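*Asks:* These protein sequences, in sequence, are chains Z and R.
Numbering follows this note's numbering, with no gaps: position 371 of the first sequence is 438.
Numbering follows this note's numbering, with no gaps: position 302 of the second sequence is 369.
If you're looking for bench data, these hints aren't it; they were derived computationally from the structure.
These numbers were taken from a predicted model, which means no experiment stands behind them.
Treat the hints with care, since some could be wrong.
Claimed, not checked - Cβ pair distances, simulated, as ranges:
1. Z:P392 x R:T168: 23 to 33 Å
2. Z:Y347 x R:K350: 47 to 57 Å
3. Z:S348 x R:G106: 47 to 57 Å
4. Z:E199 x R:T117: 57 to 67 Å
5. Z:H431 x R:D434: 27 to 37 Å
6. R:T168 x Z:D421: 43 to 53 Å
7. Z:T73 x R:T117: 42 to 52 Å
8. R:A409 x Z:R274: 51 to 61 Å
9. R:Q416 x Z:M191: 17 to 27 Å
10. R:N400 x Z:T117: 26 to 36 Å
11. R:H391 x Z:H188: 14 to 24 Å
Unchecked claim - Partial selection, computed: residues in chain R whose CB lies under 7 Å from chain Z:
12. P107
13. F120
14. C150
15. I185
16. T292
17. L364
18. C367
19. P392
20. G403
21. L406
22. P413
23. V417
24. G447
25. D454
What the hints assert, rightly or not - One-sided and incomplete, this derived list gives chain R residues near chain Z with beta-carbon spacing under 8 Å:
26. R119
27. A149
28. G186
29. M191
30. G192
31. S291
32. S304
33. G305
34. Y347
35. N363
36. A370
37. G377
38. A381
All residues carry an ideal CB built from backbone N, CA and C; glycine is no exception.
Number of protein chains: 2
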Amino acid sequence: MIIDTTQGVTLAQGFLASGVSAGLKSSGKKDLALVVSQGPGNVQAAVFTTNRFPAAPVEWSMYATGRGGLRAVVLNSGGANACTGEQGAYDAQDMADKVATLIGCQHDEVAVCSTGLIGVHLPMGKVLSGIESAYDSLSPEGGSDAAHAIMTTDTVAKQACYTSDDGWVLGGMAKGAGMLAPGLATMLVVLTTDAKATSQLANSALRQATRFSFDRADSDGCMSTNDTVILMANGASGVIPDPDEFAQAVLEVCISLAKQLIADAEGAEHAITVTVREAYSEKDALEVARAISRSNLFKCAIAGNDPNWGRVLASVGTTQARFHPENVDVYFNGVGVFLDGAPGVPRDQVNLTDFDVHVEVVLHAGDQEATIWTNDLTHGYVSENADYPT
Amino acid sequence: MIIDTTQGVTLAQGFLASGVSAGLKSSGKKDLALVVSQGPGNVQAAVFTTNRFPAAPVEWSMYATGRGGLRAVVLNSGGANACTGEQGAYDAQDMADKVATLIGCQHDEVAVCSTGLIGVHLPMGKVLSGIESAYDSLSPEGGSDAAHAIMTTDTVAKQACYTSDDGWVLGGMAKGAGMLAPGLATMLVVLTTDAKATSQLANSALRQATRFSFDRADSDGCMSTNDTVILMANGASGVIPDPDEFAQAVLEVCISLAKQLIADAEGAEHAITVTVREAYSEKDALEVARAISRSNLFKCAIAGNDPNWGRVLASVGTTQARFHPENVDVYFNGVGVFLDGAPGVPRDQVNLTDFDVHVEVVLHAGDQEATIWTNDLTHGYVSENADYPT
Numbered sequence: 068m069i070i071d072t073t074q075g076v077t078l079a080q081g082f083l084a085s086g087v088s089a090g091l092k093s094s095g096k097k098d099l100a101l102v103v104s105q106g107p108g109n110v111q112a113a114v115f116t117t118n119r120f121p122a123a124p125v126e127w128s129m130y131a132t133g134r135g136g137l138r139a140v141v142l143n144s145g146g147a148n149a150c151t152g153e154q155g156a157y158d159a160q161d162m163a164d165k166v167a168t169l170i171g172c173q174h175d176e177v178a179v180c181s182t183g184l185i186g187v188h189l190p191m192g193k194v195l196s197g198i199e200s201a202y203d204s205l206s207p208e209g210g211s212d213a214a215h216a217i218m219t220t221d222t223v224a225k226q227a228c229y230t231s232d233d234g235w236v237l238g239g240m241a242k243g244a245g246m247l248a249p250g251l252a253t254m255l256v257v258l259t260t261d262a263k264a265t266s267q268l269a270n271s272a273l274r275q276a277t278r279f280s281f282d283r284a285d286s287d288g289c290m291s292t293n294d295t296v297i298l299m300a301n302g303a304s305g306v307i308p309d310p311d312e313f314a315q316a317v318l319e320v321c322i323s324l325a326k327q328l329i330a331d332a333e334g335a336e337h338a339i340t341v342t343v344r345e346a347y348s349e350k351d352a353l354e355v356a357r358a359i360s361r362s363n364l365f366k367c368a369i370a371g372n373d374p375n376w377g378r379v380l381a382s383v384g385t386t387q388a389r390f391h392p393e394n395v396d397v398y399f400n401g402v403g404v405f406l407d408g409a410p411g412v413p414r415d416q417v418n419l420t421d422f423d424v425h426v427e428v429v430l431h432a433g434d435q436e437a438t439i440w441t442n443d444l445t446h447g448y449v450s451e452n453a454d455y456p457t
Numbered sequence: 068m069i070i071d072t073t074q075g076v077t078l079a080q081g082f083l084a085s086g087v088s089a090g091l092k093s094s095g096k097k098d099l100a101l102v103v104s105q106g107p108g109n110v111q112a113a114v115f116t117t118n119r120f121p122a123a124p125v126e127w128s129m130y131a132t133g134r135g136g137l138r139a140v141v142l143n144s145g146g147a148n149a150c151t152g153e154q155g156a157y158d159a160q161d162m163a164d165k166v167a168t169l170i171g172c173q174h175d176e177v178a179v180c181s182t183g184l185i186g187v188h189l190p191m192g193k194v195l196s197g198i199e200s201a202y203d204s205l206s207p208e209g210g211s212d213a214a215h216a217i218m219t220t221d222t223v224a225k226q227a228c229y230t231s232d233d234g235w236v237l238g239g240m241a242k243g244a245g246m247l248a249p250g251l252a253t254m255l256v257v258l259t260t261d262a263k264a265t266s267q268l269a270n271s272a273l274r275q276a277t278r279f280s281f282d283r284a285d286s287d288g289c290m291s292t293n294d295t296v297i298l299m300a301n302g303a304s305g306v307i308p309d310p311d312e313f314a315q316a317v318l319e320v321c322i323s324l325a326k327q328l329i330a331d332a333e334g335a336e337h338a339i340t341v342t343v344r345e346a347y348s349e350k351d352a353l354e355v356a357r358a359i360s361r362s363n364l365f366k367c368a369i370a371g372n373d374p375n376w377g378r379v380l381a382s383v384g385t386t387q388a389r390f391h392p393e394n395v396d397v398y399f400n401g402v403g404v405f406l407d408g409a410p411g412v413p414r415d416q417v418n419l420t421d422f423d424v425h426v427e428v429v430l431h432a433g434d435q436e437a438t439i440w441t442n443d444l445t446h447g448y449v450s451e452n453a454d455y456p457t
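Given only the sequences and the hints, what does the whole structure look like? Please build it.
*Replies:* Printed below as a string of structure tokens:
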């Protein structure tokens, strides 16, 4: 059962968190977060950006999470530590070392996540003092502070949780938008659970969940150098979860966080759900949904409350998916504006003034479907990315 | 020799053109153009959109130009006649029929091009009257009127020409931006020459030229349903062109028109040349250049005069091209901001206030290179595509 929450990563038993201001953001807002597991068992799973310029903290965390027994994650906003050469690698490791010294573990039991401007070295004095103060602030109610400390252009903190009737809890926090292919800005996600999950279950659940959640959120088609999703399971509840329920819980929490990311994407004035139905294959459905979601012309039209189905078809027409143009239907918020290859209901019958917009394309080529969540392209997006350097 | 011109399609001998107002544009501006060859010989070549929802006029023109002996092209703005079902096909043919009757030829000797909103039927009464008035206005100085009549969101007419010392001329007009993969809005191009070119030469020259000109202009990554490039050669000069010079002339005129399209792209405040050098293959160089050119984050940064090389690298990192991250260099206007995998010259040394911006990426993986011409993503783009329905 998914419930609204103002606490994400500290809802499960045996997790402490904090969020402090280390002085990395010129605004003076919180910019350094720490999440620590108190055990008893520590199992983790992680998924990282496939960008070929992975940030230094990503390379460190790949190493750390590949070894098992993750005890803590330290995260900072105000600097991505990406494309920063050798110095960047040393800095990421220094962050892990510092946390390891404070909580008394090995440095490869600490993952590191960073987000912010690419290509600038972190001010390590501030970062290391910030880690000390984050350690001092650790609390079983620190989830919300942590979620705030990782925000960059986010306007609200994103948290979600699942409570099992069996007595275990899964909670999480996220910032940014995008993963794998997509990426509005860096996406960082930390999920914690006190379920006694095996490493195998944590891995399979997380991989499946990201595939159908963050990987289907495509705000602006740009892939970050820093995207990271980490799931920590400490077994503190003593309950071995039903594997199907656990996988479903991870999926639902990830979907909730992914939708929160899209709804708060840079400049978003509409959250757009693009569903492609009756495709020959899921791959076809995804290709078509992604093509639509990446059309700047389409995304500008939605910003203008314009049900411009021509721009949808122009995108569909660039794909390799199986379909016959004369059989394709397009619906905007349930109104069939293009039916059987010809104009359908007049476009002035469509109302796009609500925040949520649903575009459906029916290919009549099979029984597969896929959905991508995206958002419109607005003046706000241009302002955030042109008018203010980030 | 490329020369500036205020006449495109009527510079070559034996071509007449006109541009009139048929009432298709609510502004009352010119919206219907006619280009007619007087022979003696008529050879043509054409390249069309690969969009799988080709507009009715594209399907008609594929048929017509596949038969040889093209005598005329009729073009309208104010309506794309795309995704308009069977009625759209009849309308496109009716336009060809009308021209054929007036100039006395077969309808399959007339190509048709349309541009404007997708999914709306053309007001055929106005179109057919407009064709009559365009026929009445045909003139050997009508090239400029024709170039103006095909404009949609263009702010200036685009024309270019080449004059051979051998006594033949090649001229052309264009509107919009984009072709094959790209497409800002529909791109329409008509080239005319009085050289006595064979069909084979016209075809090979046009295909090669579009590959290295319009196909490398990528304004917003959207492919139109209507893109069309037509080359008409009537042999009126009596001169058989040197094949290499002819191919080079077609290429140079196409490059000139492509650059004019990008410079006038919707909302453009910077024309951006993205060059990828020392790539393993031309395909690799193109993939990288295109990935950069399609990054909204990068394009917004340029709009903000921000030499944000991190967004360039994030795009490069999404490609399959051969390179080692630690060997890649990035230059903005000649300033090496990222060298050997680490930050180079400080970004404040880069001045992006000029209209033209040059981004170079050196992969150090081979000796191939490619260039893509694009433009920045601005408030003007969002306004044109969100605030005003098109």
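*Asks:* Next step is simple, just say for each hint if it's right about the structure.
*Replies:* Structure-based check of each hint:
1. Z:P392 x R:T168: 23 to 33 Å: Because 30 Å falls inside the window, the suggested range holds.
2. Z:Y347 x R:K350: 47 to 57 Å: Check failed, 28 Å falls outside 47 to 57 Å.
3. Z:S348 x R:G106: 47 to 57 Å: Roughly 52 Å apart at Cβ, these two residues keep to the hinted range, so it holds.
4. Z:E199 x R:T117: 57 to 67 Å: 59 Å, holds
5. Z:H431 x R:D434: 27 to 37 Å: 48 Å, violated
6. R:T168 x Z:D421: 43 to 53 Å: Holds, at about 51 Å.
7. Z:T73 x R:T117: 42 to 52 Å: For R:T117 against Z:T73, whose Cβ atoms are near 51 Å apart, the range 42 to 52 Å holds.
8. R:A409 x Z:R274: 51 to 61 Å: 33 Å, violated
9. R:Q416 x Z:M191: 17 to 27 Å: Between R:Q416 and Z:M191, where Cβ atoms are some 25 Å apart, the hint holds.
10. R:N400 x Z:T117: 26 to 36 Å: Between R:N400 and Z:T117, where Cβ atoms are some 31 Å apart, the hint holds.
11. R:H391 x Z:H188: 14 to 24 Å: 22 Å Cβ-Cβ, so the 14 to 24 Å window holds.
12. P107: 39 Å, violated
13. F120: 4 Å, holds
14. C150: At 5 Å from the nearest chain Z Cβ, R:C150 passes the 7 Å test, so the hint holds.
15. I185: Holds. Min distance 2 Å.
16. T292: 5 Å, holds
17. L364: Where the cut-off is 7 Å and the nearest Cβ of chain Z is about 5 Å from R:L364, the hint holds.
18. C367: 3 Å, holds
19. P392: Check passed: Cβ of R:P392 comes within 5 Å of chain Z, closer than 7 Å.
20. G403: Nearest chain Z Cβ about 13 Å off; hint violated.
21. L406: 10 Å, violated
22. P413: Violated, because the Cβ-Cβ distance from R:P413 to chain Z comes to roughly 10 Å (cut-off 7 Å).
23. V417: 12 Å, violated
24. G447: Since the shortest Cβ distance to chain Z is 9 Å, the answer is violated.
25. D454: 6 Å, holds
26. R119: 4 Å, holds
27. A149: 7 Å, holds
28. G186: This hint holds: R:G186 lies near chain Z, its Cβ roughly 5 Å from the closest one there, short of 8 Å.
29. M191: 16 Å, violated
30. G192: 19 Å, violated
31. S291: 6 Å, holds
32. S304: 39 Å, violated
33. G305: 43 Å, violated
34. Y347: 14 Å, violated
35. N363: 5 Å, holds
36. A370: Holds, about 4 Å.
37. G377: Interface hint status for R:G377: holds (3 Å vs cutoff 8 Å).
38. A381: Cβ of R:A381 sits 5 Å from chain Z, so the hint holds.
Violated hints for the displayed structure, listed by number in ascending order: 2, 5, 8, 12, 20, 21, 22, 23, 24, 29, 30, 32, 33 and 34.
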